[in-house]
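Visitor: Assembly of the complex is requested from the two constituent chains, each provided in isolation within its own frame, with the hints serving as guidance.
Residue numbers (my numbering), protein chains in the order written: chain V, 794 to 976; chain S, 40 to 244.
Fair warning: there could be bad hints in the mix.
To be verified - Partner residues are not named here, just some residues of chain S that face chain V (Cβ under 10 Å, in silico):
1) K48
2) L52
3) L80
4) R89
5) P91
6) V93
7) E94
8) P96
9) R98
10) I99
11) L166
12) A169
13) L209
14) R213
15) V236
To be verified - Within a straight-line C-alpha distance of at most 16 Å, the following computed EDC-like cross-link-like pairs (lysine to aspartate or glutamate) qualify:
16) K954/V / E915/V
17) K825/V / E92/S
18) K825/V / D840/V
19) K938/V / E53/S
20) K208/S / E159/S
21) K920/V / D847/V
22) K208/S / E222/S
23) K188/S / E176/S
24) K954/V / D46/S
25) K825/V / E839/V
26) K954/V / E944/V
27) K825/V / D843/V
28) K965/V / E176/S
29) K954/V / E940/V
30) K64/S / E78/S
31) K954/V / E92/S
32) K965/V / E915/V
33) K965/V / E44/S
34) K954/V / E53/S
35) K208/S / E184/S
36) K64/S / E53/S
37) K954/V / E941/V
38) K64/S / D46/S
39) K64/S / E94/S
40) K825/V / E94/S
Note that these hints are calculated values from the structure, not bench results. Just so it is clear, the structure is predicted and the values come from calculations on it, not from any experiment. The beta carbon of each residue, even a glycine, is placed where N, CA and C say it ideally should be.
Here is what each chain is made of, one letter per residue.
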Amino acid sequence: MIFREVDDRDLVLRARKGGVDAYNALVSRWEKRLFNYLLRFTGNSEDALDLCQDAFLKAYQSLARLEDPARFGGWLFRIAHNEAISAIRRSKPEVSIEDQPPESGRRTAPGMAPVEVSLAVESALAKLSSDQREAVLLKVYQGFKFEEIAEILGCPPSTVKSRVYTGLELLKEMLSPAGAPRG
Amino acid sequence: MQCHENDWKAYLLEELPPAERSRLKNHLGECAGCAAEYERLSLTLTALRRLPEVEMPRRIAFVSDPVFEPSWWRRFWSSAPRLAFAGMAMLALAIVVHAYAPRQAATQGVDEAKLQAMVEQQVQARLTAAVDQRVRETVLPLVQETARKAAESQSGAVAAQLVAELDQKLKSQRKSDLATIGEEFDLIQRRMGMMYVTASRQGGE
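Here chain S stands alone, though its shape is the one from the complex (with noise of 0.2 Å):
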């Protein structure tokens, strides 16, 4: 009986390291159910070696014919170099493309509720600053002048006619700087008219 251990299909199939190989070689001439083995094995081998090769009915060629060539695109899919540059020309394109894109669209983009808002926020920021100006012009030495009389009269007659006639001041400014706000929100309108067009022109290029 061989020893089960020894896997002499390996050995013959040359599928051993050399230093297996070598162990299984001397073990050959100890063991006789081992060397039966092999030899049974070896035989069968040998006959399935004397199996002729057969001679082709006709040989094969190929010839120099676009039809069997590889199609360009199966060539260029095939290719890992050709991919790899594709790909970074499609990148580049798409990096052109983004840093194109979003400038159009904001011009585009630029519409008329937007720009009326926006001019909106500039008149009301030009009518706050215009109002305080005024107040810290007029108004403020008013008051402090009245309080100055008043303090100094110390009569209640006085006092009400100093207040009658800030009153009076105070209307007629407020008539003025009504119509000062007036001419600014008209100045206002006709610059972001101008606007308008020219970002309704840059929308159309």
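Chain V on its own, in the form it takes in the complex (with noise of 0.2 Å):
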């Protein structure tokens, strides 16, 4: 991880001096992750492309701007959550961004598929609200801290821990294996 922040802030002060090899460097990296994101954010595969493809053209546009070039993964992430929230907004000007239509949950079982755990987990994720969703998304498989979280959403970190908190609770109980251990 030290040794990744590192890379990024060597390749991001090369990008800013005009080199283009430094900035597709850093497309290489987190293009992938920035994709699955905004994928599990918006559930529509174009979408997520589209936004990706502009999240990285604005920051190449902004990157003198980065106060902290060994920070570039977070104030990405920051970049497409905005241009994810415009689009949602733009889409749908009618419907709260809160509000997204939950589909029908199913509960993991030990000797589930491994296709039937990823349309359950698609499924409890999509029941969540977008806030609850993108913070749990940020933290279970971006890795990313509360406080990072925080910067990325633009709120303080004990809202991101409270969304996180609750996004699990209901994650918990729509997933959970019927039976198993209760306390």
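Guide: In structure tokens, the structure reads:
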């Protein structure tokens, strides 16, 4: 992790001087993670790819404004988050971002195939509110700290923690195998 | 039932400091309620993490095209050192302008009324000095002489004659003084005219 952050810093500094190759190295490093975050946030592969490209282009054009080059990842995710929120508002101005239609859920079971588990997880994630889902995605799948997520989402760490905890509690109820030990 | 003071979500999400993490790890084997909560959360996270990462439909790559590069003003405004340099340059320019502008303004600001007032002040000063000088040189000695003669004669007729003589002398002196003052004033008027022409030339440059 430390080595990766140092590398990011070097690549950002080189990209700032016009090194397109250095920026492409940053893109290669982060594009899959960013795409998967956007895919799970928007639920649409084409939208996720477009948002991913827009986020990288915007980041490239604003690279000089990045205060700490070592924190390129969090800064990129913040740009992507803002782009995604704007896109959702543009596409569905009458629907609140909080109001995501729930899908039918299913519980995981010890004998379930990987595909079934994936479907159950996707279904359970879709039942969370947009804020909870995004906080869980950034925490569980991207491994950001609460403080980093707070910077990405532009809200206090306590709010992030609350969203993650509530989301996990709901996911636990939806995904825990029936008959699992309860406290 | 789990112990509510134990934050198992923070434990599994690796948000606890090492000391607290170690305490919870030791507690896990002693409390069935906490072990059950830990187990359920752990299974939930395991299920979440089994969601596979999706490959991108297309890779993203940038080419060296000026279209995609930030514009010069965007780079400029985003660069603190450049902004600082620009600020210093503006400040230096403002100082130079400020240093030059007052001199121009002062030169251009000499108007006729101001010049007239200045000349009148000089005339007044010169007149006062000239009259004082004349009084010291002529009038005072005459008064002193008259007083001395009056004291010597002790006679009213002589005194009246002396006063009449003095009056005549003063009148002639006054004519002479007025002529002198007229010459002085004429000289000053000419100087004023020269100063006005000079000031107008400087203001026009």
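Visitor: Where does the structure disagree with the numbered hints, that is, which hint numbers, in rising order?
Guide: 11, 12, 13, 14, 15, 16, 20, 21, 22, 23, 28, 31, 33, 39
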